[in-house]
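Protein chains in written order, with this note's numbering: chain A, 1178 to 1495; chain B, 1178 to 1495; chain C, 1178 to 1495; chain D, 1178 to 1495.
Note that these hints are calculated values from the structure, not bench results. Please note: incorrect hints may appear among the correct ones.
[What the hints assert, rightly or not] Here are the in silico distance ranges between beta carbons for each label pair: (1) D:Gly1205 x A:Asn1217: 31 to 41 Å; (2) C:Glu1458 x B:Gln1315: 30 to 40 Å; (3) A:Lys1318 x B:Asn1392: 25 to 35 Å; (4) A:Gly1301 x C:Lys1318: 48 to 58 Å; (5) D:Pro1249 x C:Thr1354: 54 to 64 Å; (6) B:Asn1392 x C:Glu1458: 35 to 45 Å; (7) B:Gln1315 x A:Gln1200: 45 to 55 Å; (8) B:Asp1360 x A:Ala1229: 50 to 60 Å; (9) D:Pro1249 x C:Glu1348: 33 to 43 Å; (10) D:Gly1389 x A:Asn1217: 50 to 60 Å; (11) D:Asn1392 x C:Lys1462: 21 to 31 Å; (12) B:Arg1225 x D:Asn1392: 50 to 60 Å; (13) C:Lys1318 x B:Asp1210: 31 to 41 Å; (14) A:Gly1397 x D:Lys1300: 50 to 60 Å.
By construction, the Cβ of each residue, glycine as well, lies at the ideal position given by its N, Cα and C atoms.
Protein chains: 4
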Amino acid sequence: MSGKLGKGPPAMSTKEFDELFQQVSNWGRWGADDSRGTLNYISPTHIRSAAALVRSGRSVSLAIPINKVAGPDNSNPAVHNMTLTYDTRFDFGEPQFAMDYLGCACHGDCHTHIDALCHVSYKGKLYNGKPVSGVTSQGAKLMDITTLAHGIVGRGVLLDIPRLRGVKWLEPGEAVTQKELEDAEKSEGVRLGEGDVFLFRTGHHRRRLELGPWNNGYDGEGKAGLDARSMRLLHERKVSAFLPDGDGETVPSNVEGVAYPIHVLQITAMGMTCADSLQFEDLAKVCEEEKRWEFMVVATPLRLPGGTGSLFNPIAIF
Amino acid sequence: MSGKLGKGPPAMSTKEFDELFQQVSNWGRWGADDSRGTLNYISPTHIRSAAALVRSGRSVSLAIPINKVAGPDNSNPAVHNMTLTYDTRFDFGEPQFAMDYLGCACHGDCHTHIDALCHVSYKGKLYNGKPVSGVTSQGAKLMDITTLAHGIVGRGVLLDIPRLRGVKWLEPGEAVTQKELEDAEKSEGVRLGEGDVFLFRTGHHRRRLELGPWNNGYDGEGKAGLDARSMRLLHERKVSAFLPDGDGETVPSNVEGVAYPIHVLQITAMGMTCADSLQFEDLAKVCEEEKRWEFMVVATPLRLPGGTGSLFNPIAIF
Amino acid sequence: MSGKLGKGPPAMSTKEFDELFQQVSNWGRWGADDSRGTLNYISPTHIRSAAALVRSGRSVSLAIPINKVAGPDNSNPAVHNMTLTYDTRFDFGEPQFAMDYLGCACHGDCHTHIDALCHVSYKGKLYNGKPVSGVTSQGAKLMDITTLAHGIVGRGVLLDIPRLRGVKWLEPGEAVTQKELEDAEKSEGVRLGEGDVFLFRTGHHRRRLELGPWNNGYDGEGKAGLDARSMRLLHERKVSAFLPDGDGETVPSNVEGVAYPIHVLQITAMGMTCADSLQFEDLAKVCEEEKRWEFMVVATPLRLPGGTGSLFNPIAIF
Amino acid sequence: MSGKLGKGPPAMSTKEFDELFQQVSNWGRWGADDSRGTLNYISPTHIRSAAALVRSGRSVSLAIPINKVAGPDNSNPAVHNMTLTYDTRFDFGEPQFAMDYLGCACHGDCHTHIDALCHVSYKGKLYNGKPVSGVTSQGAKLMDITTLAHGIVGRGVLLDIPRLRGVKWLEPGEAVTQKELEDAEKSEGVRLGEGDVFLFRTGHHRRRLELGPWNNGYDGEGKAGLDARSMRLLHERKVSAFLPDGDGETVPSNVEGVAYPIHVLQITAMGMTCADSLQFEDLAKVCEEEKRWEFMVVATPLRLPGGTGSLFNPIAIF
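If we strip away everything but chain A, and leave its shape as in the complex, we get (with noise of 0.2 Å):
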């Protein structure tokens, strides 16, 4: 990681960082053992007032196609094998069947994705203060993606950021400041609130669509995301989840001596569950149509014993 700072707000040191991780830290508030952090914050009632936000019976999905071809922003793509199709039907009987083979790296680049605790750590501990010795070649022992086997489900609200800006998308380098989220709620009626999916949009997905895939590592172009401060209104608000377009990150970051900031308050800090490029183009749309920025959420990662994260497809149920 270079230490080019990114176009947003000033400069972050690494000790205001470092002060920053304290105030947001939620290590110990749910206990030693505690391994779901601010998926605690979604109580029963929660779960029932996002269901009763089902009126029209639409579902959206939130996730990308699984991309199976090599570009600057997937360096591995999934691999995607017919392993049976109908021109072997002569040979076995009736019925005939057609069947498939997926690899696929689970934080793949461009491919949506959610991430389990244990998938970063900060100073050699992960959320809660575990010791990053937990997770070795042979899996994850601790907080691993099998901490979300029953899935989210809750309100889920979407601040779309290119909308209150009256722009297509955010350039890379970009960061969203507190103040604009706020802003954003304000432009769509909502209020981020205890327990809530915080969806958020920069319109990563959208220059993709038009512009083509771009490199958006430190050694390319970046990308645009949350400035880190940001991360207290979420703290403040006990945001339960944090589903962004792109990953969140400003990249370059805007913190000196720290490449992934918002993924290490987020994770390793708050215990805040995090997914990875998801795409809300139809998403928007809905909103718009239906007039509101919140909606039921349900998001289902694959049960992997010993995963750091999982392939899966969230949507959204108006």
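Given chain A, work out where chains B, C and D should sit, using these hints.
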């Protein structure tokens, strides 16, 4: 497939089977180009009603944890490799990441998955009379798993046959009749209706947990499932989708000359989306506690273009 | 494939190509059931002579290191995952092990590999007139890569065209004629003879090393290779196998309506085992030092039943 | 690993084992940075002599066909998927291609493979005293399989123990002593010498072919192999590499507290390249016919940067 017949009701001839195929066929019902089949029964009203069942806010996974160990019912275990762990932590600065890779057959035995309608053909035809030539080694060009991109959302109804019979599980080869499904409805105080997702429990997974895995194929001990005639009930009631433990089939089959009659009738004739290898052990307990066998169900396959199926993690929400 | 023609000798019509196919065809030459094709030219005497070329005891790999990074000529990079490393050393006692996993397309572009004779068909036929129906999604039932189970052992002859021309490499689209092959023989003081393995250097890999990878397919810049007519020479001389850098093809092809004429003539017509994507950078240096362009060659594909090809690491021994 | 001891010679204590480790150690012998170990014994003269053994021109594979079916000694079978077959022939014009994909653990049980020297560590050290920290989840940075890029070429000597004993195979748990190796030499009229590749036959694969696969690990029935003391002979004789059926180990081990003593002594102490799971069924027959147990051997692992091992197909040439 052997001509061996199962332990259930009297055998059905191939001719009777073909007549049954015609009786329950939905070819043309939703137009010549339909690729959603019985999912068309799910209306906005249905989804709204399903969401209204969310009262206690409990969610329950219906998936088996992904099984990476070969066994008599898992000849192609999932490949799960850790690709980055914290032993390399001094190379990259902060933060550190753990990552992994998952490879798996989309219809892996004993892996919870869902079938696209292109997965099964009968006499050279897919559902709605479409030709098998649309599914080649380059992928499925029609009725692939992305037909389910926005997920299945609806009312789920569990018919728990071991509960009805007062046994822990059905034995391999036993077939459940329409009469028994109706008895289970009465016993549970529910009734399968238009748009409902039918969860069918034989106790297959319970048996596996207690006795260990067994070869449940035609070259092995077989498995418990549905009597082919019971498809008439699902057809009349306008069931939208089918989620079984096991895969719904009685093995050996009670139909002469047809190895997977349930797959053929549901997928090819009716256009009914079916899943495979779920587990209802947690669900059955929650149903008893909640004293209801109906709930909201959400199932979201991966968005895999050209795919014939997908691992997934469906959930019930109470 | 476009109808675009290459930069080499005048174009060949489809009709002329089909005549050439007949001229060089070996169908029936070694019996109706032969599946070894031109490898039949390798006699015990030939192998003994090849071994007699081993004088200095140097061995040289002809393979490119396996490339795990996507690029313009590597759209499906190999998947190489470490599956056990020494961070888990306290769990198992002594000793400790490190392990890994490799997944790769058997004909991956820019991965050194060898083709089985079942890899290419022309007008519905494989080599020796065998039907394509023998190769299905269940694997190849005839002429699979296990035909080469015991390896290829023989005399190798390198014809180094850039050396002849006094250039670093041939440019994409350039086709090498029979005349030029004969000139290279004279220049090097060798002559391709019965049973010889023909190593053909265009400098493809040298260009890649110096200028970086490029899209060398029909939708890209193309590549240098053989003129289709030069197959007559290989046929007359009774060459046993073909090991090129690139894959022997001139892209775009100089044959109207046939995208891979060299593959068709060598594999389908002649039954000549061909490899793909070798590198001769080390070899060319050793040849200069040893002042000879002939050596023992040993190539041993993996024993993959039903396989259409294999990654491999062929070597020259001096 | 259990403390259970094998059926062979008296057990060796951990202390005696550590003394043996020192006695056969080659650490420092070829310099502090050596990564080739006993392959240094192979001289140009040796290779020339090996090639001079090629008289009849027969080549014989020493590999087991790749096994895609799970079983008691194959818990992670190779993934072999056809990715293009001739059912799509009308889409692309001529010619048509068939292609496939292979994924496999590099040290898959019952898959013929070779170990890099980085594969085994003892008390935190690799061969030559190198630290295990050079092998991480990012790959092996030292002594990876590319150390063997140019292949192993030399004289092979088969010591066939079942032949000596007049049995079809050794039973699991039986250990072969130095004395018995010397007896086999006499019986066959050969003598292991400097630079020789030692092929060691216990009949493991023959037993597997006749009785079917069995669990040969510490939690199973075990296997026949070498007595740890016999390493003294290989050390004195300056053997360059070791190719066994099975993996050379007696399981359970006759060394207290060390589960894989042969691996530790050969790879970690001696720097001897070892292979695993070869078969000598064809070879043994040819040796009898040729009346000699020495031949040229060529073994060429894939050039996999960072790899700890590789599937391969070694051959003997007579």
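How the hints compare with the structure:
no. : hint                              : in the structure
1   : D:Gly1205 x A:Asn1217: 31 to 41 Å : violated (57 Å)
2   : C:Glu1458 x B:Gln1315: 30 to 40 Å : holds (36 Å)
3   : A:Lys1318 x B:Asn1392: 25 to 35 Å : holds (32 Å)
4   : A:Gly1301 x C:Lys1318: 48 to 58 Å : holds (55 Å)
5   : D:Pro1249 x C:Thr1354: 54 to 64 Å : holds (58 Å)
6   : B:Asn1392 x C:Glu1458: 35 to 45 Å : violated (52 Å)
7   : B:Gln1315 x A:Gln1200: 45 to 55 Å : holds (53 Å)
8   : B:Asp1360 x A:Ala1229: 50 to 60 Å : violated (35 Å)
9   : D:Pro1249 x C:Glu1348: 33 to 43 Å : violated (56 Å)
10  : D:Gly1389 x A:Asn1217: 50 to 60 Å : holds (52 Å)
11  : D:Asn1392 x C:Lys1462: 21 to 31 Å : violated (49 Å)
12  : B:Arg1225 x D:Asn1392: 50 to 60 Å : holds (55 Å)
13  : C:Lys1318 x B:Asp1210: 31 to 41 Å : holds (37 Å)
14  : A:Gly1397 x D:Lys1300: 50 to 60 Å : violated (43 Å)
Hint compliance for this structure: hints 1, 6, 8, 9, 11, 14 are broken, all remaining hints hold.
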